[in-house]
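Visitor: Here are the chains, one letter per residue:
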Amino acid sequence: MEILKTSMTELKQHIDNGDVSCEAVTSAFLEQTKKHNTELNAYITINENAIEQAHELDKRHKAGEKLGKLGGIPIAVKDLLCTRGIRTTAGSKMLHNFVPPYSSTVTEKMDEEDAIVLGKTNLDEFAMGSSNETSYFGPVKNPWDTTRVPGGSSGGSAAAVAARMAPAAIGTDTGGSIRQPSSFTGIVGVKPTYGRVSRFGITAFASSLDQAGPMANNVKDAALLLEAISGRDGQDATSANLPVPNWVESINTNVAGKTVGLLKECFEDGAMTDEVRKVVDNSLNILKDLGVKFKEVSVPAIDTAVPIYYLIATSEASSNLARYDGVRFGHRANFDEIPAENIAEFYARTRAEGFGEEVKRRIMMGAFSLSSGYYDAYYDKACRVRALLRKQYLEALEGCELLFGPVTTSTAFKIGERIDDPIEMYNNDIFTTGCNLAGLPGMSVPAGFSSEGLPVGVQLIGRHFEEQNLFDFGQALEDELKLSEVPSVL
Amino acid sequence: MEIDVKRVAQLAALKLSEEDTKLFAEQLPSLLGHFEKISLVDTGDLPPMVCPTDMHIEFREDDVIDWENAETAVANAPEKSGNLFKVPPVVG
Amino acid sequence: MSYDDWELVCGLEIHAQLKTKSKMFSPDSGDFGAGDNVNTHPVTLGMPGCLPVPNKQAIEYSVKTGLALNCTIRNTSVFSRKNYYYPDLPKGYQISQFDKPLCEEGFVEFKLGDEKKRVRIERAHMEEDAGKSTHHGEYTLINLNRAGVPLLEIVSRPDIRSAEEAAEYARAVRKILRYIEVCDGNLEEGSMRCDCNVSVRKKGDEKLGTRCEIKNVNSFRFVQKAIEYETQRQIDVLESGGKIVQQTRLYDSAANKTFAMRDKEDAHDYRYFPEPDMLPVELTEEYISKVESTLCELPDARVKRFMAEYELPEYDSLILTQERDLADYYEAVAKASNNPKASSNWIMGELLRELNEHELDYSAIPIKAENFAKLIQLIDNKTISGKIAKTVFQELWKKDQDPEDIVKAKGLVQITDEGAIEKVIDEIINANPGQVEQYRGGKNKLFGFFVGQAMKATKGQANPEIVNKILKSKLDG
Chain A
9 MEILKTSMTE
19 LKQHIDNGDV
29 SCEAVTSAFL
39 EQTKKHNTEL
49 NAYITINENA
59 IEQAHELDKR
69 HKAGEKLGKL
79 GGIPIAVKDL
89 LCTRGIRTTA
99 GSKMLHNFVP
109 PYSSTVTEKM
119 DEEDAIVLGK
129 TNLDEFAMGS
139 SNETSYFGPV
149 KNPWDTTRVP
159 GGSSGGSAAA
169 VAARMAPAAI
179 GTDTGGSIRQ
189 PSSFTGIVGV
199 KPTYGRVSRF
209 GITAFASSLD
219 QAGPMANNVK
229 DAALLLEAIS
239 GRDGQDATSA
249 NLPVPNWVES
259 INTNVAGKTV
269 GLLKECFEDG
279 AMTDEVRKVV
289 DNSLNILKDL
299 GVKFKEVSVP
309 AIDTAVPIYY
319 LIATSEASSN
329 LARYDGVRFG
339 HRANFDEIPA
349 ENIAEFYART
359 RAEGFGEEVK
369 RRIMMGAFSL
379 SSGYYDAYYD
389 KACRVRALLR
399 KQYLEALEGC
409 ELLFGPVTTS
419 TAFKIGERID
429 DPIEMYNNDI
439 FTTGCNLAGL
449 PGMSVPAGFS
459 SEGLPVGVQL
469 IGRHFEEQNL
479 FDFGQALEDE
489 LKLSEVPSVL
Chain B
2 MEIDVKRVAQ
12 LAALKLSEED
22 TKLFAEQLPS
32 LLGHFEKISL
42 VDTGDLPPMV
52 CPTDMHIEFR
62 EDDVIDWENA
72 ETAVANAPEK
82 SGNLFKVPPV
92 VG
Chain C
827 MSYDDWELVC
837 GLEIHAQLKT
847 KSKMFSPDSG
857 DFGAGDNVNT
867 HPVTLGMPGC
877 LPVPNKQAIE
887 YSVKTGLALN
897 CTIRNTSVFS
907 RKNYYYPDLP
917 KGYQISQFDK
927 PLCEEGFVEF
937 KLGDEKKRVR
947 IERAHMEEDA
957 GKSTHHGEYT
967 LINLNRAGVP
977 LLEIVSRPDI
987 RSAEEAAEYA
997 RAVRKILRYI
1007 EVCDGNLEEG
1017 SMRCDCNVSV
1027 RKKGDEKLGT
1037 RCEIKNVNSF
1047 RFVQKAIEYE
1057 TQRQIDVLES
1067 GGKIVQQTRL
1077 YDSAANKTFA
1087 MRDKEDAHDY
1097 RYFPEPDMLP
1107 VELTEEYISK
1117 VESTLCELPD
1127 ARVKRFMAEY
1137 ELPEYDSLIL
1147 TQERDLADYY
1157 EAVAKASNNP
1167 KASSNWIMGE
1177 LLRELNEHEL
1187 DYSAIPIKAE
1197 NFAKLIQLID
1207 NKTISGKIAK
1217 TVFQELWKKD
1227 QDPEDIVKAK
1237 GLVQITDEGA
1247 IEKVIDEIIN
1257 ANPGQVEQYR
1267 GGKNKLFGFF
1277 VGQAMKATKG
1287 QANPEIVNKI
1297 LKSKLDG
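These protein sequences, in sequence, are chains A, B and C.
One point on numbering: in this note's numbering, the residue at position 225 of the first sequence is 233, and numbering is uninterrupted.
One point on numbering: in this note's numbering, the residue at position 35 of the second sequence is 36, and numbering is uninterrupted.
One point on numbering: in this note's numbering, the residue at position 164 of the third sequence is 990, and numbering is uninterrupted.
It is possible that part of the hints are untrue.
[To be verified] With a straight-line cut-off of 27 Å between C-alpha atoms, the simulated DSSO-like cross-links for lysine-lysine are:
| no. | chain 1 | residue 1 | chain 2 | residue 2 |
| --- | --- | --- | --- | --- |
| 1 | B | K7 | A | K399 |
| 2 | A | K101 | B | K38 |
| 3 | A | K303 | B | K7 |
[What the hints assert, rightly or not] One side only, chain B facing chain C, incomplete, derived with CB under 10 Å:
| no. | residue |
| --- | --- |
| 4 | K7 |
| 5 | V51 |
| 6 | C52 |
| 7 | F60 |
| 8 | N70 |
| 9 | G83 |
| 10 | L85 |
| 11 | F86 |
| 12 | K87 |
| 13 | P90 |
Rather than coming from a laboratory, the hints here were simulated on the basis of the structure.
Please read all numbers here as calculations on a predicted model, not as lab measurements.
Positions of the beta carbon are idealized from the N, C-alpha and C atoms, including for glycine.
Isolated chain A (complex conformation) (with noise of 0.2 Å):
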């Protein structure tokens, strides 16, 4: 058995079996992740603990014991989840030196079930942005095409999984940080219904958008790594009180005579690159082959979800990172020889040297949006766009399984190649955005590649609480599909 070749599913049933032992894997991942990671960046932290978990988890297993569900998996982590005793930065200058005194729930269900966090990866500072060229600790590169981003903000758990550096990792997505990256660098990726994964713990970017997912290999990976981290949290007012369904155990690929809507705004002209059209179109003929019937929908209000997404979002953040303020934990400006004349100043000058320039221009906007004045028609008018955005992707999921579409506008642009355009950059969320607005589980699955060779991925958008049937089609697509290119680095 090749243990970077194995999928994590199958990595588990080794490790119960006792073909190979909790310390072998995680030593081969950690192996992978030296080889790799000068050049691709896509860890901040590694835990230098990894091996002794993993050698605990030997003993327990020796012992008799049972594992856990991730038992023995070594998982990346991006680092925007608070781990406990291992320093979390969200990618920002503000927090390079915050160790924190708790862990997120999502880290602490994955601990319950016995997986080891390899590392913190790497990610746009505060996950904001969609390239991973905002990390204070430098960008991630595309393991596909190093000249690349991997997308963002999920860039380094992306990397980790592509180039092998990790079975698997968890991500989040505000606005498709999941999707995204996922779509860029050939994995698969979950936006999970809002509620569904807690919070807490989570460094907060936009709390009504925020979700954490898993990033994986394939689909039922992504499904086992999901069903660990799911589930109602005391610690989060806004978890679902909803029993946790067992996704992998449930997974059924035969999807004939279900029927899947197609977003009539996604489908028009130059919506995206032919190069994404033509993979995205090629599974759409596979579903077809496989007895799926495509009906036509159409979510009108969809072309102002980027004017709601970053209304929303920054207005959310500007208020979320008024916390980092140099007083409690995280950077301060040295007052030394210039000294504030006064409290404001003292948070002014912090503020200014802790956080980048996306993250300034984000809590500007945000800050403006809420200002009196212009709460009317910035912020609250977007919310009420919101709800109706989310009531016609309501309407448009009764009488289909679920959505299926593009990911991404294109495939993985250069790095520094719209880093300046902050409206170019933000425009590559026009097809994620609309998930997080309403609160709709979704999902990125690799789907093929474009004539360069980089990996494109297809979006299957569900009902609320219903990821099994992104789930059934993803295995499906995967299925067929049956895709075997690896990363250039490899």
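For chain A, the structure is supplied; the task is to place chains B and C on it using the hints.
Guide: For chains B and C alone, kept in the frame of chain A given last:
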């Protein structure tokens, strides 16, 4: 549209460099102008939506969970005095 | 110039700290007297990813208060963020309620002298407290134990027309809060805080004047004094042709003055918006009725009932109902003794005097109600005289016990044996022939002398009525 970048920076508690001020003075109006198309959408009598969920809130029982200690609380502090956070003088 | 031409327009914002075990949104203890930063869960510290989860008990207390203040309770109320920067505000925003507060449109009634007053309540909303900053010149230190403690902010309408009325209104609110046991109402310790909004206008004017807010006044007396001062200050400014600047002021009790907190105040832009970390607070009518059914009898109703049921004067009823503990105690004594009026006299007299002298709370009355009632019964069944009863009360105060035991042990039982008393009286008459003659000669005042002698001879234990009766028949007969 015009945006008073200095005023917004004050609300945002950010001391912007001259370059940033100039950059944002250009970018923010163009971004927000681009977003203004939402004003054309007729939302009827739909109330604004904050959280995209039909779930209902659940409250926490009034139980005290003992938490670590004060040393842990101030462990990440840039400056402290004993177990208190220390900041430059606050006037008014 | 004349102050009489002017009218005060005043409203109060009362912050009541709710008596929950844990904080409003965080599971650490609300006991802010603990060591420095001991009660600082990551949620309180506003650490990354920490989320607010509302305290069920705090919601219930708030609903209860709203109902006691005659408010309408919203079925859907919303927490909002109030954004501003201050070192003791950990998240850079305070979670409060803005456009959809829990309680709206209530009122409080109270007596001001002989007049009945009603002050309307605009709203009462839930929020979290900030931490504490202490200023040391070169630096400021922050303790966050208090941060996140649940508060209910009770905002009155500007219905108050005198400083005394303001203080009386605040007392009435405090009384209610303590009755329903949601807040201990301690102004000095800050578990209840008053901000006073003060403006003046010419009598007869409809338009409100520019107002100033006096923050954090920490006693009812100071509420009155601060408003008195501020009213005069504003009138003086206006009479001398000046203008009132809207500002936040503080009251200096030593100088009996208010002063501006800052010279210049930037208009705040708090950028309120709905708290996205929480869903709206939804309360069913069923829940609200259930909370209503747990409400105790409120002070006003109790006064009325005391007057009707125990036939007490309004004055007595008001005093006995100032605190729920005292009123409960009174009722227990009145019922057990079956003598409401005597119970009222004894409690308002002896008991309150001792409590005051020893600075004891009504919750710490050292005599069991049943023992106190027995004392009253001992008087009523003539076992002891009222005078002896005072001695017995002193013993009871020192050590709570059955008063009958005291009477027995000390031999204080009243002498009701007519033969024995007659014997004593005969001796007195025989020993004082001169006084007898004078009395019989018309000096009626001397009757008291004979009573005194008889009581002295019996160490105060003779039944005074019997003494009177026998003396009368012997002297007049």
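Visitor: Now, for every hint given, state plainly whether the structure supports it.
Guide: Hints, one by one, checked against the model:
Taking the CA atoms of K7(B) and K399(A), the gap is about 38 Å. The hint is violated against a cut of 27 Å. Among the hinted pairs, K101(A) with K38(B) is inconsistent with the structure: their alpha-carbon atoms are about 35 Å apart, more than 27 Å. The straight-line distance between the Cα atoms of K303(A) and K7(B) is roughly 51 Å, outside the 27 Å bound, and the hint therefore fails. Hint on K7(B) is violated. Least Cβ distance to chain C is approximately 13 Å, over the 10 Å limit.
A distance limit of 10 Å between C-beta atoms decides the matter here; for V51(B) the minimum to chain C is near 5 Å, and the interface restraint holds. At its closest, the beta carbon of C52(B) sits 6 Å from a beta carbon of chain C; the interface hint therefore holds under the 10 Å criterion. The criterion of a C-beta within 10 Å of any C-beta in chain C is met by F60(B), whose closest approach is roughly 4 Å, and the hint holds. Interface restraint check for N70(B): the shortest CB-CB distance to chain C comes to about 7 Å, inside 10 Å, so the restraint holds.
Interface hint status for G83(B): upheld, as the beta-carbon distance to the closest one in chain C is roughly 6 Å, under 10 Å. Annotation: interface hint on L85(B) holds; nearest CB of chain C at approximately 4 Å, less than 10 Å. The criterion of a C-beta within 10 Å of any C-beta in chain C is met by F86(B), whose closest approach is roughly 4 Å, and the hint holds. Against a cut-off of 10 Å between C-beta atoms, the interface hint on K87(B) holds, since the closest Cβ of chain C lies about 6 Å away.
Using the Cβ-Cβ criterion of 10 Å, the hint placing P90(B) at the interface with chain C is satisfied: the shortest such distance is roughly 5 Å.
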